[in-house]
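Residue numbers (this note's numbering), protein chains in the order written: chain A, 55 to 401; chain B, 55 to 401; chain C, 55 to 401.
Honestly, the hints are just simulated from the structure, not real lab data. This one's a predicted model, so the numbers in the text were calculated from it and none came from an experiment. Ideal Cβ placement from N, Cα and C applies to all residues, glycine included. Heads up, a few of these hints could be off.
Claimed, not checked - Okay, derived cross-link-like pairs now, DSS-like style, lysine-lysine, Cα gap no bigger than 27 Å in a straight line:
{"hint": "1", "chain 1": "C", "residue 1": "Lys401", "chain 2": "B", "residue 2": "Lys401"}
{"hint": "2", "chain 1": "A", "residue 1": "Lys339", "chain 2": "B", "residue 2": "Lys401"}
{"hint": "3", "chain 1": "C", "residue 1": "Lys388", "chain 2": "A", "residue 2": "Lys382"}
{"hint": "4", "chain 1": "A", "residue 1": "Lys339", "chain 2": "B", "residue 2": "Lys106"}
{"hint": "5", "chain 1": "A", "residue 1": "Lys361", "chain 2": "A", "residue 2": "Lys382"}
{"hint": "6", "chain 1": "B", "residue 1": "Lys401", "chain 2": "B", "residue 2": "Lys388"}
{"hint": "7", "chain 1": "A", "residue 1": "Lys388", "chain 2": "C", "residue 2": "Lys339"}
{"hint": "8", "chain 1": "B", "residue 1": "Lys81", "chain 2": "B", "residue 2": "Lys112"}
Claimed, not checked - If you want the footprint, here are the derived chain A segments under chain B, 3+ residues with CB under 8 Å:
{"hint": "9", "stretch": "119-132"}
{"hint": "10", "stretch": "371-380"}
These are the residues of each chain, in order.
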Amino acid sequence: MMLSYSIERILEIVGEGAECTGSFSGKINRIAALSDSNSGDLSFLGNSKYLKQVGESKASVLLLPKDYEGEPRDGQLYIRLENPNYALALICRDIENMLDPHPAAGIHPTAHVEEGAEVDASASIGAFCYIAEGARIGAGTVMEDHVSVGRQAQIGRECYLFPRVVVASRCIIGDRNRLLAGCVVGSDGYGYAPIDGAHKRLPQVGNVETGSDVDIGANTTIDRARFGTTFIGAGTKIDNLVQVGHNVSIGRNCLLVAQSGISGSTEFGDGVIMAGQSGVAGHLKISEGTLIYAKSGLMRSTEPNEKILGLNGENANLMYRIFILQRKLPDLFKRFDKLEKYIESQK
Amino acid sequence: MMLSYSIERILEIVGEGAECTGSFSGKINRIAALSDSNSGDLSFLGNSKYLKQVGESKASVLLLPKDYEGEPRDGQLYIRLENPNYALALICRDIENMLDPHPAAGIHPTAHVEEGAEVDASASIGAFCYIAEGARIGAGTVMEDHVSVGRQAQIGRECYLFPRVVVASRCIIGDRNRLLAGCVVGSDGYGYAPIDGAHKRLPQVGNVETGSDVDIGANTTIDRARFGTTFIGAGTKIDNLVQVGHNVSIGRNCLLVAQSGISGSTEFGDGVIMAGQSGVAGHLKISEGTLIYAKSGLMRSTEPNEKILGLNGENANLMYRIFILQRKLPDLFKRFDKLEKYIESQK
Amino acid sequence: MMLSYSIERILEIVGEGAECTGSFSGKINRIAALSDSNSGDLSFLGNSKYLKQVGESKASVLLLPKDYEGEPRDGQLYIRLENPNYALALICRDIENMLDPHPAAGIHPTAHVEEGAEVDASASIGAFCYIAEGARIGAGTVMEDHVSVGRQAQIGRECYLFPRVVVASRCIIGDRNRLLAGCVVGSDGYGYAPIDGAHKRLPQVGNVETGSDVDIGANTTIDRARFGTTFIGAGTKIDNLVQVGHNVSIGRNCLLVAQSGISGSTEFGDGVIMAGQSGVAGHLKISEGTLIYAKSGLMRSTEPNEKILGLNGENANLMYRIFILQRKLPDLFKRFDKLEKYIESQK
Chain A
55 MMLSYSIERI LEIVGEGAEC TGSFSGKINR IAALSDSNSG DLSFLGNSKY
105 LKQVGESKAS VLLLPKDYEG EPRDGQLYIR LENPNYALAL ICRDIENMLD
155 PHPAAGIHPT AHVEEGAEVD ASASIGAFCY IAEGARIGAG TVMEDHVSVG
205 RQAQIGRECY LFPRVVVASR CIIGDRNRLL AGCVVGSDGY GYAPIDGAHK
255 RLPQVGNVET GSDVDIGANT TIDRARFGTT FIGAGTKIDN LVQVGHNVSI
305 GRNCLLVAQS GISGSTEFGD GVIMAGQSGV AGHLKISEGT LIYAKSGLMR
355 STEPNEKILG LNGENANLMY RIFILQRKLP DLFKRFDKLE KYIESQK
Chain B
55 MMLSYSIERI LEIVGEGAEC TGSFSGKINR IAALSDSNSG DLSFLGNSKY
105 LKQVGESKAS VLLLPKDYEG EPRDGQLYIR LENPNYALAL ICRDIENMLD
155 PHPAAGIHPT AHVEEGAEVD ASASIGAFCY IAEGARIGAG TVMEDHVSVG
205 RQAQIGRECY LFPRVVVASR CIIGDRNRLL AGCVVGSDGY GYAPIDGAHK
255 RLPQVGNVET GSDVDIGANT TIDRARFGTT FIGAGTKIDN LVQVGHNVSI
305 GRNCLLVAQS GISGSTEFGD GVIMAGQSGV AGHLKISEGT LIYAKSGLMR
355 STEPNEKILG LNGENANLMY RIFILQRKLP DLFKRFDKLE KYIESQK
Chain C
55 MMLSYSIERI LEIVGEGAEC TGSFSGKINR IAALSDSNSG DLSFLGNSKY
105 LKQVGESKAS VLLLPKDYEG EPRDGQLYIR LENPNYALAL ICRDIENMLD
155 PHPAAGIHPT AHVEEGAEVD ASASIGAFCY IAEGARIGAG TVMEDHVSVG
205 RQAQIGRECY LFPRVVVASR CIIGDRNRLL AGCVVGSDGY GYAPIDGAHK
255 RLPQVGNVET GSDVDIGANT TIDRARFGTT FIGAGTKIDN LVQVGHNVSI
305 GRNCLLVAQS GISGSTEFGD GVIMAGQSGV AGHLKISEGT LIYAKSGLMR
355 STEPNEKILG LNGENANLMY RIFILQRKLP DLFKRFDKLE KYIESQK
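Work the whole structure out from these sequences, hints included.
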């Protein structure tokens, strides 16, 4: 991917408030990590972990936080901003629009829209998409290929559905949602009743509804409610291969990182974060701002802003101490044996 | 979703043996959770955890277990039954048949059935389905859109395949199976032999076979055997995003909850339960009735009805004790240091 | 699956260096596990765990390691080889070619190739495949049905893509890759910047690139880089339902077992092994030969050949000791209480 950005254009994109130190007169051809940069590259400090790499970076232009101390080399330009991460995002959005322009409105000749479905004239429906009876597709929404929209399902405005997304019958997708390839919205909830030793299916007649600005990751699955609605609040971002059980309700601006899972009927407040491969049991109330660390299991309801760590969902500070102390268990057992023997010998 | 059920129709559906207390003369418009109910709603007590909510529920009709004590309010009807969960399931099945009637028999004009495949005249094949040579589709089976059935594969009678299910070549699906969106039955097993530092693929020429009444969750993957058969016993219900390795054999009426995984060649007896995000190593025998708790890892074979907890698959009772005691480790280390110093001072 | 192999043909396939003891004059009809074999079956010892089953096996022909001691029964043939596993693989490859012959070159009438895409004349494009503008498909590559190849994407030579694989725009797949059903290569990375309490998307404008001989499992997801490339080294084999985050770089000949996950920007050396359901945090360097055990979480960079176990990624030997000692915690606490009381009574 070869770019060609002038410094003027970069400054135009990142907007006002940027402070420039040093100078670079060529074109930006590439975006690269600090340690992987060369002349002609733009790089950035987005994570303080890489602070030391700034001085050694060969990038020609660097996006840096306002409080970064240090000076550019000859022929190097520092651009200091409130939020280098977001400034880079603005540049990447410009690149994205160039690389992946939205397809023209209209329905691909290989797609199939059943009678009684309504597709807005400004929507773009890709190859081999299937839109069932009674479904409605909002203005400006784009579907790439092989997307499946079930009966009576509704997709909001300006959504982007990647290849082979499934939105099942009666589910409702809010505006500006991004549904990544292969995700399934509205699979049956996992509900069975034991009858004479067998598991009888409990029909799942509810749906899934998402607020605006929700993202759903690749091959993630969100189950429809047994009755009522499985709900995903506005601004919540879900990563790949996540499982959301039936009748779950997620607040606004939550983050569910890859391979995390939520059992049925649990409610999340706003701003809850589940790190990768973490899990939450069913029928709980997880209060706003709760943070569940990677691979942890949460088995109880929480107070606001709790931090949870470990298989059994302990307070994170306690669990960090336990992790340190368990390394000393071999030594503790030895010391204890020795002490016990000594006491015994003194009796 | 607005319903309109008379009490007479509700009683007809839930069948004989229901005991009514109180009365409600209107129509049921909605099914809702106890705490979320209003006049015109039907609710139920399916989990004793919510026992206290019954008395406060504003639902007009409540399905309750026979031993529930307490009396309805004015204008409220209690229906006591053996199994309120299952009674609700019967009502939901009625709703499901209304909301999602089975499509008519026949092959959608956009579907493609290769020559030499046999589709029963009573089956329904949805848009963009692909049925390869030699495949056979049983009577009354429904496929929604984008389903892929490989060469020589067989699908039983009265199965329901949701969008973009894959049943790969030579796999055999039993009667009344429900395969949820995006699941893959018959992907290659993960088998390699180290040859000169590289991993040489071991071709996987077996298949997958399922008994009757098996459910397979959305985006779940079940690998074909290296040779012979990966087998899923009758009545087993598999949730979303589950991995079943090659040559695994699962008994009858097992439950594999979301994101659980089973390594190759392990055998399960009947009625084994794997909770969410749990895992079982390969080449083991997991006896009937074994229960593996959420996020636990089982690394050894089991006796019948063992309960397994923890990353290292301990006896659950022991592991619960360990969870409690590890919280006391910081205190134990302090007490021990103090005791050790005291003894030292007395020497 | 009924086979018919003569002993001569078997020996021809497994090649030179095989030592025969005993004799069997019939045809081989089936391949089966040692304990599941009968007359007419070929079996093998591929895992020393099953050593004791060799003597009791009823298989007519057994593939055994050179150092196996013991003699065949009457009518039984032992074939001793360097690598019985690989010898079986060669036989299975022969069976696979017979059972699943590569489809003829050409484009299925239901597939859609956009103008400006280049499909090699020797490639085979299955039903309902979609190849976008500017994509290139190499010689001898096979796609089964419902495959999606995005704009400007490149697929190498002699690849095999199973049903409904997605290779998104600008991604580059090396030669001889096998992409299993439902995997997604090139989904957007999970990147957001917090702006005024909301999560603003960081556009992901990079791609994914794989070396030669890479396998990617069913429903696995590999995210495109934020900028630059998410890279999978030659010979690396990825199992089902694995998550690879954006900007990850994987070395050569690594193994990522089912349901494992790697967070963004982490780099792997060659020959790293992640067992099932394990996870690695982001922005780390995992040195060559690192082994991460099942369900373990690795939160730090490693030295070559480290072995990692446990939720908090401990040294495996230490963690095994901790697992043993934690079982003794209930006893330790009792002993300690007793000792403490005794000391107290002596004061």
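Honestly, which of those hints from before does the structure not fit? Violated hints (numbers, rising): 2, 7 and 9; every other hint is consistent with the structure.
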